Amino acid sequence: GQSLEQPSEVTAVEGAIVQINCTYQTSGFYGLSWYQQHDGGAPTFLSYNALDGLEETGRFSSFLSRSDSYGYLLLQELQMKDSASYFCAVITADSWGKFQFGAGTQVVVTP
Amino acid sequence: GAVVSQHPSRVICKSGTSVKIECRSLDFQATTMFWYRQFPKKSLMLMATSNEGSKATYEQGVEKDKFLINHASLTLSTLTVTSAHPEDSSFYICSARSPLAGESDTQYFGPGTRLTVL
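The listed protein sequences correspond, in order, to chains A and B. Letter by letter, the first sequence follows residues 1 to 111 of our numbering. Letter by letter, the second sequence follows residues 1 to 118 of our numbering.
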């Protein structure tokens, strides 16, 4: 079957760096995406990795190792507004590019 | 960027009634849209894939007669929760695949619809 694992919660102070790991088991893996969701809001796209390596977008970076079925999201220079849930999502190689989402990691940023 | 809207944002209804939720791609055409359901503090569960001009594809365990999906145009998909019951209360979110070249594996999400069934 398919499964994704990520930590349920991470707490860090402003200015710190947080790494959210995501391990997955799936058939037909195509790529790994990361989404941010604030309470009551819509998920917003952060990053996407289809190839091994690091993708950097401002304060956020995402990494993928296909051989290890593992990826992570790195949040740098944490700000209070980064307090949210972060979901990794596996994209499978079917014609519709369906997502399977992980359970989400609640990031709590403290002053 | 690609914008997806949902209407209504919040709905309260009596048990036994049907509720229709609209999902629109505002500035692009979406041949494929997805419907998710999310419980508080939980992940997004894919319910179905909505394809313009053809029948929706439902995920295992999702009752297609309960959750009717119609993708009548390239910018509109609707989800109708029929004969709603309190256990159908949830946050329903739609998404559409990005129309941009090189971004086909990105989904843009609507703001969600919170359904409460009394």
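Just so you know, these hints were derived from the structure itself, not from any lab. This one's a predicted model, so the numbers in the text were calculated from it and none came from an experiment. There's no promise every hint is true.
What the hints assert, rightly or not - Cβ pair distances, simulated, as ranges:
hint, chain 1, residue 1, chain 2, residue 2, range
1, B, SER83, A, ARG59, 40 to 48 Å
2, B, LEU118, A, ASP68, 43 to 51 Å
3, B, SER18, A, GLY40, 18 to 26 Å
Every residue gets a Cβ at the ideal spot worked out from N, C-alpha and C, and that includes glycine.
Inset, instruction - With respect to the beta-carbon atoms only, verify the hint that B:SER83 and A:ARG59 lie 40 to 48 Å apart. - result: Between B:SER83 and A:ARG59, where Cβ atoms are some 47 Å apart, the hint holds.
Inset, instruction - State, for the Cβ atoms of B:SER18 and A:GLY40, whether the hinted interval 18 to 26 Å holds or is violated. - result: 25 Å, holds
Inset, instruction - Hint says 43 to 51 Å; check whether the CB-CB distance for B:LEU118 and A:ASP68 agrees. - result: For B:LEU118 and A:ASP68 the Cβ distance comes to about 48 Å; the hint holds.
In the structure shown, no violation is registered for any of the earlier numbered hints.
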